Amino acid sequence: MEKQCILVVDDDKEIVRAISIYLEKEGYDVLCAYDGVQAVDFAMSRNIHLILIDVMMPRQNGLAAILKIRETRNLPIIVLSAKSEDSDKILGLSMGADDYITKPFNPQELVARVKSQLRRYTTLGDINSTAQNLITIGRLTFDTDNHTLTADGEPVRLTATETKIVELLMKNAGRIFPAEEIYRRVWNEPAFSAENTVMVHIRRIREKIEINPKEPEYLKVVWGIGYKIDKP
Amino acid sequence: MDTKSTNHKRANLLSWMCFVLSVSILFTAAAAALQTFFSGGSAVAQAKQSLQTALDDNPQETVAFREDVSQIVYAALTDLADREQRGSFSKTYPNLKWETSNILLFAQEDSRDTLSNTGSTDPESARNTRLLQSYLMGAPEGYNYMLLFDGDSLVIERDGVRVYDTDAMIDSDGYRTYFSKLADKDGEFWEEYSDLSDLSLVMVVAPNLRTDRDSAVLSDAASELFSLQMLWFGGAAALVLALLMFVFYLFSRDRKAEVDRQLAQISGEVWFEIKLLFLGWVTWFCAQPFLEKESVKETLFPLLLLFWTLLFLLNDIRYNPHVYQHNSYRSTKSWYLTHQMKKRFQQRMMSSFALFAAAEGVLFWIFRVIPSSLGAWITAAAAAVILLLYIRYFAGILTDFARLTDQISEMKAGADTPPLTFRAESALAPAAEDLNSIQSGISHAVEDQVRAERMKIELITNVSHDIKTPLTSIINYIGLLRQERDLPEHVQDYIEILAGKADRLKKMVQDIFEVSKASTGNIELHPEPLILQKLIQQTLADMEESVAAAHLALRLDLPQEPVYVLTDGNRMYRVFQNLIRNALQYSLEGSRVFIQLTVQDGTALTQIKNTSRFALDNLPDVTERFVRGDESRSTDGSGLGLSIAKSFTEACGGNFSISTDADLFSAVVSFPVIPEPQPEEQEASLQNEDQTYSEEQEAQPGELWQKTQETENPETVKSDEPI
Chain E
193 MEKQCILVVD DDKEIVRAIS IYLEKEGYDV LCAYDGVQAV DFAMSRNIHL
243 ILIDVMMPRQ NGLAAILKIR ETRNLPIIVL SAKSEDSDKI LGLSMGADDY
293 ITKPFNPQEL VARVKSQLRR YTTLGDINST AQNLITIGRL TFDTDNHTLT
343 ADGEPVRLTA TETKIVELLM KNAGRIFPAE EIYRRVWNEP AFSAENTVMV
393 HIRRIREKIE INPKEPEYLK VVWGIGYKID KP
Chain G
449 MDTKSTNHKR ANLLSWMCFV LSVSILFTAA AAALQTFFSG GSAVAQAKQS
499 LQTALDDNPQ ETVAFREDVS QIVYAALTDL ADREQRGSFS KTYPNLKWET
549 SNILLFAQED SRDTLSNTGS TDPESARNTR LLQSYLMGAP EGYNYMLLFD
599 GDSLVIERDG VRVYDTDAMI DSDGYRTYFS KLADKDGEFW EEYSDLSDLS
649 LVMVVAPNLR TDRDSAVLSD AASELFSLQM LWFGGAAALV LALLMFVFYL
699 FSRDRKAEVD RQLAQISGEV WFEIKLLFLG WVTWFCAQPF LEKESVKETL
749 FPLLLLFWTL LFLLNDIRYN PHVYQHNSYR STKSWYLTHQ MKKRFQQRMM
799 SSFALFAAAE GVLFWIFRVI PSSLGAWITA AAAAVILLLY IRYFAGILTD
849 FARLTDQISE MKAGADTPPL TFRAESALAP AAEDLNSIQS GISHAVEDQV
899 RAERMKIELI TNVSHDIKTP LTSIINYIGL LRQERDLPEH VQDYIEILAG
949 KADRLKKMVQ DIFEVSKAST GNIELHPEPL ILQKLIQQTL ADMEESVAAA
999 HLALRLDLPQ EPVYVLTDGN RMYRVFQNLI RNALQYSLEG SRVFIQLTVQ
1049 DGTALTQIKN TSRFALDNLP DVTERFVRGD ESRSTDGSGL GLSIAKSFTE
1099 ACGGNFSIST DADLFSAVVS FPVIPEPQPE EQEASLQNED QTYSEEQEAQ
1149 PGELWQKTQE TENPETVKSD EPI
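Chains E and G are the protein sequences, given in the same order.
Quick note on numbering: the first sequence equals residues 193 to 424 in this note's numbering.
Quick note on numbering: the second sequence equals residues 449 to 1171 in this note's numbering.
With the rest of the complex left out, here is chain G (with noise of 0.2 Å):
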């Protein structure tokens, strides 16, 4: 795994290796095509020239041969004006080689002093004599070069033509300059040589001769032609490794871009601004040869580093889509915001208002000291912005403040509301975090807590449904058991026993399956106004019956006004029957049972209080299903009566709470009350024909309904005696 992802890095870094030596690389090459472009011709042409040159032109027509001619000339008189050395060369003789006799010199003086390379320095000798005769018949054969001098006019003839002549003033090859000393008769040489006199210098050359020089040249401009195809040859290959490395480069394009994101990574690292800075100062460095018109090779550095630096510039802009958010501004503030943020809210803005202080205070007392009146303007405007700044800040706080708390009495009220974003710099967003995960660990709880109240209900549901079915058949064969004539009388006992619990089960199905759905909400309601005191008054008389045969003494307290509620009324019913039928069969015998209505704050409180058969200090939570007082279970009902009491007053809108004081257990159910409905919903008409009713029969149904009002509750109904 480690030496596949090297490999992979390697191959990775090789491909981006490629891609920078190919460019760099094609890059030169262009700016030598451009220079070449712009020079006119190339360096290869120019050696090519000199060489041609060197190899075509008459030797005896360039300036190293006439430096030559001129050298010797010099040389042979001052060997001449020498005494000592009469007769035999002293100097130095450039391309005068005696053994070969291509140049042929002869010189005298006074007719005594000779001087000659000839082999013989006597002037009658055959060959001076033919050439001091030169003059007058030529050159001899086998040379076409010849110069004469008499000690004051210099003639040179070359192919026959005259070139120089100081008498004639012809100059066609240009010698004046090598023998201007020579012609200037009261000058420096003379001065030094006035003793020559009588002077007669012959020289001849032959065609074609070929100085040192000559080969100096050609070896120059040789091996300037070899370097230079040597230059042309790296270039190539250079030029052709470069194309191969940008095809590779074009083949693994992928590898090369990891490392520009690679390089990404690292230059997004870097603030903005010294990126700006930087491609600055690159600019500025590659402008200086442009500026100074230096040549190509000059600017192709400075060109390759600027083309590299925006090429990684751009490669960053590419990478890091927002390359100019990361400053040191930003840095700055984020670094001082975590710092912020862990410390407290106040904490947090007592530094804030000191870093505002601070601020001011320093601007002050630059405005105090500053001497220009428009530098403290500028400073007091600066002033005023921080000033606008900071209550900027602090009205963004304010409004977050609003925000959390309206959010809080929100999620109090209960309301499924979004959670809270905050920009991450205000001040007020870790509240804001914390307030949103307390709302959804909350919202989980609670669904965790519906789900699993369904799951029990669906059990309940399933399983008091598979009961029934069974217990038909229980209820049913039991009851063809009471019709048998023919039993003992001690079966006939048992046979009712078992009627008696089958019963009570079959209510206590009833019972689960209702309080089970109500506790859910999953009830149907059909909530309407009602009188509660009737609703009690109703309750009781229904329950008539099983309140005479407690031995119990009942107390009502109920208001003459009647109290209207909005609810259903067929579950109060249920509401008040278990309420009543729990405090029948718990009250200690012959105590009382308190039942009253009051109304306080426009909520209608019934009480229901007794005092208990059983002592009721740890009394587990009665209103939670199968809980009852008496732990032995022993007496009659389901253990559902006061849990169908609650859920079903909750499921109808109101409150259901039990308290205990000593042996006094009372029972609470409160309802908001509503104000009196008008009676509109009462029908025209009675379809009543009868006599009897006739006097009622004109009665309007308003009054109807406002006469049943005054006779409903004559006076609050108020009893000792058992009902």
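So that you can see chain E by itself, here it is in the shape it has in the complex (with noise of 0.2 Å):
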């Protein structure tokens, strides 16, 4: 198979030398740019199959880069950025970004979201073809016939507790459950001590399927109320 390519744009040069090293030890082609206008022009000329974009950067913002290949190209965009407000990130997806990741951030987990969107990007069609019972939520797809769960077309090994709390919290989506609902329904018994042990199976769960469990995306905790995972 082809080598997929990934084009990071930054420009601070040590930044974008650290990810093209981290990214190449994962086993891609890197190309690096250093401000909007050279990112738009390896976007139209090259086959790339990601971009990790800055975006206050010389010449055009990343944002406006962003728009500018979204004209032509469907693929997916990282943004890179050390604004960190929810406005910020609002704006970045609503630019046509897929995420948005905050400076400083942890080389790791930029490498798994890099993964994450490309195996969505090249694989999710296949999955959505099979006529299944399937509740896809983002990155997660549960097929409740089988009680198994994928996150990016890749198995989750869950246990049969922890399945039966994603089943729960997945097929309603959006509700709030108590931990003393969730312990009634998936242990069939009166609560007892339900907030630590929901929690600690929550958190297991977490490590699971989300990238990074300290800031989790699906599996959330509405404090005070209960838990839930959020609507597609």
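It cannot be assumed that every hint is accurate.
Coverage of chain E stretches by chain G, computed from C-beta distances (three or more under 8 Å per stretch; other residues unrestricted) [unchecked claim]: (1) 201-213; (2) 263-276; (3) 296-309; (4) 401-415.
Derived from the structure by calculation, the hints contain no laboratory data.
Note that the structure is predicted; figures quoted are calculated from it, not measured.
Ideal Cβ placement from N, Cα and C applies to all residues, glycine included.
Join these two chains into a complex; the hints should help.
In structure tokens:
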């Protein structure tokens, strides 16, 4: 299989270099660009599978570059930015980015997100084509017939209890479940010290399905109320 | 500069003087013109008339001539009667000049005593004979007038016409009055000169006789004409001068206006009543001459005075917009008020009451003393009016009091109220002013503080942003170093240290950012009702590992009833996380950490107490950013934990406080309790079709929620065990 090519754009050359080292170790081809104009040029002329792009850059900023690229190319774009406000994230995603990573980032997390995006970009079509009882929320897909969970198309190994919890939350995506209710429904017995028990399982599930378990994207705690998985 | 302004002043004054003088002169001229118009014909015309008469008339028809003639006749008769003077004139005969022969006189008595100016007393002389024959032959040549007296009848002929005849009763020239003494035979004259008998007197007069009187009239008329002429010249010159001055004034009206303004400034100081009195007096003064119908000359000055007075008052009104407001009543009042304002409020109230009481007392005394019942009624009415005024005054103070207290309470509530404005005479005006200045002082201070705080936040935001970029590189390359396999062990240790410190730095930067935003209220909040016990338990469960790692006993004391509060769960999780982390980090090893939730008067108090490892005396304000209990700063953490807890709690609508007692450190987070929310937000039914959950499937959402409540806190969780 042909090596996948990733375009890394940042005006800080050391950051570009570090990122390219990590990605090359994972077996990707890396193209480097240092401003928005260069990024758009590469995106148009080369066969690129994913773009990592900074926002604040000389000549043309990252968001403008994304808009330009999105006019013709449909490929995953991940924004790298020192701006960590929710409003910045929403702006980036609404401009056409697929993911938003704030600086300073963990290199492993970056690599994991790149992998996730690429996998969805290349293989998601196959999964969707099979007619099964599937619940898909972002990277996660739950097969209600086989009680199996896949993340980015890769099967996730869950214990029976964990599967039950994930199934309950994914089937009722968006609904908040108090710990006691989860306990009763999953363990099928009256709740006792439910908060701790449920929390332990939730944390374990997070370790398996989230890219960064400390900043969960899917399995969220609603503080003071319960737990939920957001609707897609 | 000085000379310039002096010159300016002079020019101003000159302009003003020109105006006043020119107007006065024009006024006078107008008055003179009016007088001439109404009295008919000018003084000059009258003078001309009299002069004309003097020059044109026949002198023999004038009164003076008649007087002279009669005097000559009487004098001649007197001289004739005087025996010793016979034959010569002893009397002064007006206009009878012997050298000239304009008048010829011959008189005789008994044909003996004669009196003549013809040069001879002899009746037989040619001249005298001719004179005596005048009665028959008419006046001799060169004379047109003759007078004949024969002791009985008197005849006068002029130009051959008889103008006086005592017998024929002719008196066309009006000689009767002059010769009445001669006509009266029984009168005084004939009594005195009774010895005169057989008289005959002839007098002839040449035409164009000029008497002394004529010249006097002429000279009078001439001098009158001259003076009139001078008056005319003077008047005309004055008029021209006045017009010139008026033109000058027209060109320098601004300067005159300047003086007007200054005058108005001066007149503005005078009370309105005084001006009115002055106007009244001037009017009365001016009306006098008119009432007494005096001539224009007498009325001119008062009229001018009235004119200038009116102009002066108009000027006053023009430049002093509220001229009537400056009066004795107001001055007295304002003097009283300024005097009052210097005193304290209580003294002011006392003195106003004293004034009221004194006025009422005086009125009561008058009421008692006054004899007439009408006067008593008026006094009683005045007393009632004063009482009403005092009540109104007092009610005004009460209203102001209410406004003042309202303002204070609104200020306390933090409302942005407009400054209070009281009437200047209000007794509370100084208090309101003080309050306003306090208010503006506070708002200034707050504004300054907010601005300073915002600048600080901007700085922190920029700095933390700028730190993030190099930090990204550091973390990335540390990661790369970590992946190197062949490094010696001690180098790997160094790398681990670097990794730990880089992580801490990253956390600090994020924390700084959050704190600075929260403390300025710049964070987005999503408040929703949540159960405080659950939040605490979830937080503890989330931190289970670090709690277990610490050698501490955790004691939870939570009430059985769920305590609902309205707040942002994510932020409050960070608050409790930081508080618990703080307790774990700084507690004495083996001691107990207490987490208690109590409800007092509708407020949920969450206390987290621990026994400090360090002595807590002289503890700095640990909620300040970067302040830490241990000054060595050797421990982990950003030094922002309590600061985050405090700013987040306050941003979420709660209160945060810290207290220490010996080694006991306690943090209290309090929120107002809200009633249990209706469970309508729960979704209608569950999507789970698995048989395992079938029994709950039928449960209604409300019941589900209810069940949750029941089973949630079976009993207050009390645990001595480390969780």
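Do the hints match the structure? See the list:
1. 201-213: holds (count 6)
2. 263-276: holds (count 3)
3. 296-309: This one holds; 5 residues, not fewer than the three required, reach chain G with a Cβ under 8 Å.
4. 401-415: holds (count 3)
The structure shown violates none of the earlier numbered hints.
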